[in-house]
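What follows is the residue order along each chain.
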Amino acid sequence: MSALLFFLAAFGAIAGAVGVVALRDAFFAVLALVVHLLSLAVLFLLLRAEFVAAAQVVVYAGAVMVLYVFVVAYVGDSARSLGQRLRRGASSRGSLRLAGALLGGAVLVELLIALLGSGLKAIEGYGAGYVPGPKTFGTPAYIGNLLLTRFLLAFEIASFLLLIAAVGGVVLARRRGGLGEESRERLAPLDLVRPQGTGTMAEGVGGPLFVAMHANGGVTEEHHNGVAESARQPVAVGGPEAGGPSGAPETPEGGW
Amino acid sequence: MSIAWFLAVSAIVFALGAVGVIIRRNPLVVLLCLELMLNGGNLALIAFSRMWGNGDGQVLALIVMTVAACEVCIGLGMIVAIYRRRLPIDVDELRELQG
Chain A
44 MSALLFFLAA FGAIAGAVGV VALRDAFFAV LALVVHLLSL AVLFLLLRAE FVAAAQVVVY
104 AGAVMVLYVF VVAYVGDSAR SLGQRLRRGA SSRGSLRLAG ALLGGAVLVE LLIALLGSGL
164 KAIEGYGAGY VPGPKTFGTP AYIGNLLLTR FLLAFEIASF LLLIAAVGGV VLARRRGGLG
224 EESRERLAPL DLVRPQGTGT MAEGVGGPLF VAMHANGGVT EEHHNGVAES ARQPVAVGGP
284 EAGGPSGAPE TPEGGW
Chain B
96 MSIAWFLAVS AIVFALGAVG VIIRRNPLVV LLCLELMLNG GNLALIAFSR MWGNGDGQVL
156 ALIVMTVAAC EVCIGLGMIV AIYRRRLPID VDELRELQG
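From first to last, the protein sequence lines stand for chains A and B. Here my numbering is used: the first residue of the first sequence is 44, the next is one more, and so on. Here my numbering is used: the first residue of the second sequence is 96, the next is one more, and so on.
Just so you know, not all the hints are guaranteed correct.
Claimed, not checked - Ranges of calculated distance between the beta carbons of each label pair, as one might list FRET restraints:
1. R180(B) to L204(A): 43 to 53 Å
2. W147(B) to F203(A): 24 to 34 Å
3. I57(A) to P183(B): 29 to 39 Å
Unchecked claim - Partial selection, computed: residues in chain A whose CB lies under 8 Å from chain B:
4. F87
5. L88
6. L154
7. A201
FYI, nobody ran anything at the bench for these hints, they're computed from the structure. Quick caveat, the model's predicted, so the values are computed rather than measured. Cβ coordinates follow ideal geometry from the N, Cα and C atoms, glycine included.
Could you build all of it, start to finish, from the sequences and the hints given here?
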């Protein structure tokens, strides 16, 4: 039974890996990777790594693959046009592809020599003894105990790494200024000088703070508004004024 | 099944991932093939962990999964940034590190 399960899962894992490498559409490559990960989780279960198998299914095949599908759907069109461009310039790529496959075969032979030809007696066996139980090898309790005692430092470093990666992802993928007009406008320093009387909740409700502000500062508020408007003038009014004279001959053209 | 079979599968998966990293040009697929290589390493780690009856390899496999998740996060963020700048999504044409 375990041999049958092993061969099924191994076939699924290798077929999924071949699919990832060979399929042209990135979306189908992601789906092949999901097949590969699920088969690999079965292999982990056969190796008595229950917690890692569950984490593989939930985190990898679930969350990470959803992220991939999302980005493939976002970038999808350009990837497809890339495939068409690839076919056009495929003649010079054949030798490179062959060289890559040869290199991969060399890596495989080397790995097999290193792993299977190592002469370790234990490789031929079924592993150390295993007694099922609530706290035995590979269960969540066992892994959690290890993570919080012997590998506490690695655990904390991994959490920091996740934090850094989350911040880095946000910084890399955010919308930058310079692409559209509105983002540049939003970042203008003059917008930071907000005229008094706009935008706070106390003014909207007419709270005591607003009443006090009006009671003693009516004149200063006017003054402040004037300053803000005159400071804003070169930016806000300059556009239509500069566009006015040159744009005036164009208006009949547009009227035609 | 003896441990050697699992190690053979892990070596095959790792080599397939290496081939994919070398021959594919879409950075998304290159990231997927990196995942394949990490998973081959994970399978070997867990097989050796079973061989010794010791949980250290499984903890290391969990850390590798964390690192893979971080790599996906950064890599996909970079791909989205490349796409936003209307650059070609092709590792052969993205050879120069320009701002």
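Problem set entry | Those earlier numbered hints the structure runs against, lowest number first | 1 and 5
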